[in-house]
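Participant: One letter stands for each residue in the lines below.
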Amino acid sequence: MFRDGLLGDLRCGDWAAARPKLLRRLAATVRLRNFPAPSGGDTWSADELDDMVQDFLADKTGPARLVQLAINATDETHCHRLVDKTIKNFLADRAREDPRPKFRRTLREACTSDPTLDFDHDCIRRAGTPAEAAFAGNQDDLPRAAQRVEVAPPPWGEDAEREGPPTDRASLVALCHAVLDAAGAPVELRVMTSVLAERLEIRRAWDDRFDSSLDEPTQSVTDRSGAVSAGAYLLGVEIWEELDDRERELITFVGTGGRTGTEESDIDLGRSAVQDRLTALQRKLSEALDGIADAEGVVRALFLLHADWKVSGGRAPEVVRRSPMRGENTAHRPTQKPGTP
Amino acid sequence: MSHPTDLELVDFVDGLLEEPRRDEVRQHAANCPSCAALIAEAASPIEDQGHDRPLKVDAPTQMVAGFRAEPGPVARGGMWRLEWAGVAEMVLVDQIEGTRAVVAPMVFDPLAGDERTRLLEASSSPFQLAAAVWTGLRRHAPVSAFAQHFGDVAPDVLDRVLADGHDGELGGVIRSAGEEAAAVRARLIMHLERFQEAKWAPPEAAAELFDVAGRLKQLGLRPSDLATQLDMLPADVTDVLRKRRGFTPTQAKAAAELLGMDPDVLSAAPPAPSALVIELQQPRWRPALIDQARRAGISEHEARTRAVQPVLAMAARTTGEKRGEPDWAQLVGDQLGPR
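Heads up: the sequence lines are chains A and B, in that order.
When the letters of the first sequence are read in order and numbered with the working numbering, they come out as residues 1 to 341.
When the letters of the second sequence are read in order and numbered with the working numbering, they come out as residues 1001 to 1339.
These are calculated hints, taken from the structure and not from any lab test.
Keep in mind it's a predicted model, so treat the numbers as computed, not measured.
Where is the CB? At the ideal position from N, CA and C, for every residue including glycine.
Be careful, since some hints might not be right.
Which bits of chain B does chain A cover? Going by a derived footprint, with three or more residues having C-beta under 8 Å, they are [as the list claims (entries may be wrong)]: (1) 1012-1023; (2) 1060-1069; (3) 1088-1095.
Label-pair distances were calculated between CB atoms; the ranges are [stated by the list, open to error]: (4) B:A1037 to A:G128: 48 to 58 Å; (5) B:P1073 to A:T77: 24 to 34 Å; (6) B:G1086 to A:E132: 32 to 42 Å; (7) A:D140 to B:S1002: 46 to 56 Å; (8) B:S1034 to A:R246: 27 to 37 Å.
Some, not all, of what chain A presents toward chain B, calculated at C-beta under 8 Å [stated by the list, open to error]: (9) G13; (10) R24; (11) A58; (12) A70; (13) T74; (14) D118; (15) L235; (16) I239; (17) I292; (18) F303; (19) H306.
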């Protein structure tokens, strides 16, 4: 049973048995957190999910990742929490490394607006040709066709602040036609993206949608003392998650010089016990923040998290990290089940 | 009710959400089309197309073995997993000092570090995986927090990794930005502090009160007087005076009258010998203690404390040629072993 098995699978080395459980967890994570698919679309195909979980298990850091989970988890529930966090970090790392989501959008726009091409059902075909089944042959032939096309250099200057498209629109269209000729059939956008990205040697690009998908602030959050930087906030969250409830209750007393006032009555401990715990907490935080440039920002972040935690009845910071699918940004909500054309 | 968080929805779909929160989410979804749609979408079946796709990566055999085997004693160079109060980390043991050890935390993923983090190369690691050894966070940890043993690092390798100024710094293999290293460091510090809670010592309150030898001296009595009055063997009286065992209730009553001491104190448990305290904290006894604690609804420490007296009683019953320093490992094993 899934609930009882994942940690056991990891520890006894049956990583193949862990695969379907991780696949399910990964699928739920990408759907609910609205991660763009590797091909750049809004939906993940079954192949993409399968590839991603295979990489999670077996890329160059896969074994270390699984070992670390087996070591750090103390029970099955804890294991699932750690898996969620690890999957999120893994996907974010992949997203940062993979330039294709952005290029995919660029390519789709080019195909949509060009009169010589038609685009529908995630497939590209020559304008006016029937919408038949997409190319399903050997994809190795397609890159060769793309290599034969000369492309124009990027239309943006070297001093541009952000990277633009890797080439001009005319070159993209020419490349699409060359690939369509080689395929002899419509080509899925996912396949065209892969082929042309390889041809154009696209460098790293950051897809803005990951800002919201990761539910992490890239700007800053603000409390009454001023702005808390994104980095300080994220470190604050890491520390917050390692505190127990007693320590979380005491966060607002940190930095008060050990003075405790009427708020003590909210904590079910005697004054000396509060002082002891507060001293231990301050020592822990002091060491954890040693060398951190914005330690004050991290402490303010902890205060913010404490406030959210009290308001939410003890469920922050998950409540703080709200998904964009809650009405904040519905533009990228998946509309199709993975794997459906 | 506010919307469930993403994590709660994932847990709900996977059947991991505990009641009553599970029921709350179910009721919310019944009245919220948005959340109901998310749940339906997340719950839709995923075809695992890779079930026969070869997974060309194996778990470290030392890891599998470590989780299965009964751990031995803690020794320098050991790679151990510590677990206490819901947190766990891997550490490298530097020194042993009775009931505590000096350890440095190790992390396999991510391979991030600060200026004092050292790299344990894969070839030198029991897991054949490179690890970041956070030597700057080296500190004491109670032996009672040790859980599983996964092998040892060679002494010369250990010396190189833990020595200051070692040229195998992690800097060359840091994959992540400074922020990730800071997060790992914060987590390790929090967990190392949590492990301090595993420190255990049996109650010593009776130590001062249970000073029979001192009381005899005060009254000008000799141990032989005690043996005669209480009808005890001289060797048994010696054990009492050396706090290796206590009185039986009958003896305690008689001794109390003779010595003018509290009979309840005399019939209470004497303090545990250091050797027994150390033995009870050895990692190999933790599974049995955790099991006893779970059955009795008490903490692991309380289970450990409760084991002291039965072991002392067994030691006290040892007579004749078997007298001498008790074999605490054997006695603890007899007390905690399978029934």
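Participant: Look at each hint and say if it fits the structure.
Facilitator: Hint check results:
1. 1012-1023: n = 4 at 8 Å, threshold three: holds.
2. 1060-1069: holds (count 6)
3. 1088-1095: holds (count 3)
4. B:A1037 to A:G128: 48 to 58 Å: Roughly 38 Å apart at Cβ, these two residues miss the hinted range, so it is violated.
5. B:P1073 to A:T77: 24 to 34 Å: At 32 Å between Cβs, range holds.
6. B:G1086 to A:E132: 32 to 42 Å: Distance hint for B:G1086, A:E132 is violated at roughly 58 Å.
7. A:D140 to B:S1002: 46 to 56 Å: The hinted range 46 to 56 Å holds for A:D140 and B:S1002, with Cβ atoms some 52 Å apart.
8. B:S1034 to A:R246: 27 to 37 Å: For A:R246 against B:S1034, whose Cβ atoms are near 36 Å apart, the range 27 to 37 Å holds.
9. G13: holds (3 Å)
10. R24: For A:R24, the interface hint holds, since the closest Cβ of chain B sits about 6 Å away, which is under 8 Å.
11. A58: Result: holds, 4 Å to nearest chain B Cβ.
12. A70: holds (7 Å)
13. T74: holds (5 Å)
14. D118: violated (29 Å)
15. L235: Cβ of A:L235 sits 6 Å from chain B, so the hint holds.
16. I239: holds (5 Å)
17. I292: holds (6 Å)
18. F303: Hint on A:F303: violated, closest Cβ of chain B at ~16 Å, above 8 Å.
19. H306: This hint is violated: A:H306 lies away from chain B, its Cβ roughly 16 Å from the closest one there, beyond 8 Å.
When the structure is compared with the earlier hints, violations turn up for hints 4, 6, 14, 18 and 19 and for no others.
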